[in-house]
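Protein chains in written order, with numbering that gives the first Met the number 0: chain B, 0 to 87; chain U, 0 to 87; chain H, 0 to 172; chain C, 0 to 172.
Among the hints, erroneous ones may be present.
[To be verified] Footprint (simulated), chain B over chain C, 3 or more residues, beta carbon under 8 Å: (1) 76-89; (2) 111-120; (3) 123-133.
Hints were generated in silico from the structure; no laboratory data involved.
Cβ coordinates follow ideal geometry from the N, Cα and C atoms, glycine included.
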Amino acid sequence: MPSTAAPALTVRVLLFASYADTLGFDSVELSVTGPATVGDVLDRLRALPGGERLPPKPLCALNLTQVRSDAPLSGGDELAVLPPLAGG
Amino acid sequence: MPSTAAPALTVRVLLFASYADTLGFDSVELSVTGPATVGDVLDRLRALPGGERLPPKPLCALNLTQVRSDAPLSGGDELAVLPPLAGG
Amino acid sequence: MTVYLTESPLDLGALLASVQSPERGAITCFLGTVRNHHGGRKVLRLEYSAYRPMVEAECARIVAEAESRWQVAIALRHRIGRLEIGEAAVAVVATSAHRDEAFVACRHVIEELKRRVPIWKREVYADGTVEWVGAKGSEAAGQEHSGAAGQRGSKGQAELADGRTTFGAWQRS
Amino acid sequence: MTVYLTESPLDLGALLASVQSPERGAITCFLGTVRNHHGGRKVLRLEYSAYRPMVEAECARIVAEAESRWQVAIALRHRIGRLEIGEAAVAVVATSAHRDEAFVACRHVIEELKRRVPIWKREVYADGTVEWVGAKGSEAAGQEHSGAAGQRGSKGQAELADGRTTFGAWQRS
Chain B
0 MPSTAAPALT VRVLLFASYA DTLGFDSVEL SVTGPATVGD VLDRLRALPG
50 GERLPPKPLC ALNLTQVRSD APLSGGDELA VLPPLAGG
Chain U
0 MPSTAAPALT VRVLLFASYA DTLGFDSVEL SVTGPATVGD VLDRLRALPG
50 GERLPPKPLC ALNLTQVRSD APLSGGDELA VLPPLAGG
Chain H
0 MTVYLTESPL DLGALLASVQ SPERGAITCF LGTVRNHHGG RKVLRLEYSA
50 YRPMVEAECA RIVAEAESRW QVAIALRHRI GRLEIGEAAV AVVATSAHRD
100 EAFVACRHVI EELKRRVPIW KREVYADGTV EWVGAKGSEA AGQEHSGAAG
150 QRGSKGQAEL ADGRTTFGAW QRS
Chain C
0 MTVYLTESPL DLGALLASVQ SPERGAITCF LGTVRNHHGG RKVLRLEYSA
50 YRPMVEAECA RIVAEAESRW QVAIALRHRI GRLEIGEAAV AVVATSAHRD
100 EAFVACRHVI EELKRRVPIW KREVYADGTV EWVGAKGSEA AGQEHSGAAG
150 QRGSKGQAEL ADGRTTFGAW QRS
C-alpha cells in the first residue's frame, strides 16, 4: 500500500481576555499535522511562552460552537480558547 | 341586677364595583344593636333590595384590614365589602 | 410617604430610579398591561377602580414584607381610571445585589398584589357590553375563603378557574 | 436581523417596544448594572469585551430556544466597552400573555447568557489594580467541564465558588 504524507491543516486560533494577556497575542495561524484535534492545538499553545498557564482543559469554541478538546479539526477552522465567561 | 339596654353601634359600610352596582349605593351608615359582628351587618345588607345577590361570605375589610365575618364591631368602624379582586 | 395609586400613566424610568443604587446591581421589573382579549372576547379598554386608603395600606404592607424577607428595594405603582389597550396598569421594580432575590421578590410582590389589594376592573368589550372582571353572576364569586387557602402558594387569585377569591397570605400576616 | 451587542448605553424603552403587543399583557425585565463593589473591593468601573460573532450566534440560539419553549417574545442586548458604576451591561425583556411564562423565560435567558455567551469583564479597582473577573490565577479557572454540568440547573457560572465554568446547557443543545 502506498504511504500517504499526512496533510497539514491550518487553523486560526483566537485568544481572549486573560488568555490573550497570558500568551501576549489574541490571534495566530497554526499549522498542525492532520488528522488533528482541538487538544493538539492546545498542546501547541502550551509550548509557547506563557502557555503553561492555560488550564488543562480550557473552554473552546470551534466555528462559533462550543466543543470538547477531542473534537477533530478541518483546514480553515476558527478555534477560540475562552477564559471563564463573565457576561451579564 | 339592673338590666342594661344593649348599645347601638353605628358603622360606615362601603361597597365597591359589582356590589355597589348590585345594591345601588356605595356607602351607607348602619346602626346595629351591640354586641355585633361583621356578619350581622352583612345580614342587614342582604335584607336590602339586591342584597340577596351577595355571596354567603363575601370578602370584608374592617378599618383597612381583611377580617372574617365573625369579627366584632365597634362604633365608628369602617366596614368594606369587597368583590373579587382584579388588580394587576 | 410613598403613594401606590395613580391616575397618570406609569413611569417605569422614575420607578427604576427610585430604587436603583450602586450596591444593587440586579434589577427586575414586572409590567402588567391591558390586553386586547379576555375569555375569548375582544376588549376595547379597561376601567380600574379601587378602595384607595386600603390599597395604600395593603401595598405598604406588601412592600415592607418583601423588603424584610429579602435584601431588596421595591418600587410599586398601580394605575386606576380608564386605560387603553397596551397601557400599563401595574409596575413592580425590585433591585438587589443578587439577581435571584430580585426575581423572587418581584414575583412575590405582584402575586401578593393580585391576591390582597382591593382594586377592580371593568372591561369594555367590542360588542358594547361592560363587565366587572371576576364577578360572573356575583352569587358565586368573591367569597371569604375558609380552609387551606394559604396553601395555594403563588397562584394568583384572579386566575382561579372558579372565580373564587383566596386571601391565604393576607390571613397569615 | 437582530444585533445583540452594542457599545452604546442600553435603551430599555426601545427593547420593551420591540416585543410589546396587545396580545401579551405581561412584561418582565432584567437589568444587570455595574456594582461599586466585588469580593470586598471597591470597583471604579468595568471594561467588557467579547468574541463578537459567537456572542451574536449564541444569543440568537438562546432567544430561539426560549421562544420555542414558552409562549414569549424576547428582547436581549448586552453592552461592551467601558461602563461606569450604575450603568446597565445587559437587558432582557420577556413578554407573554401570562406572567408566569414571562418571569420564567426572562430568568432563563439571563442564566443562559451568563453560562454560554463569550463576554468578559475587567474590573478597575479603587486601589489602581485591574483584574479579569473569574480569572483568578487562570490555572484553575475556565476549564472545560466534563460530567454532570447540566445538572447544576440555574446556578450562574459566574457565581460558582471555585471559579470553574459549566457549559451544561450548551452541551445539551
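Hint by hint, here is what the structure shows:
{"no.": "1", "hint": "76-89", "verdict": "holds (count 3)"}
{"no.": "2", "hint": "111-120", "verdict": "holds (count 9)"}
{"no.": "3", "hint": "123-133", "verdict": "holds (count 3)"}
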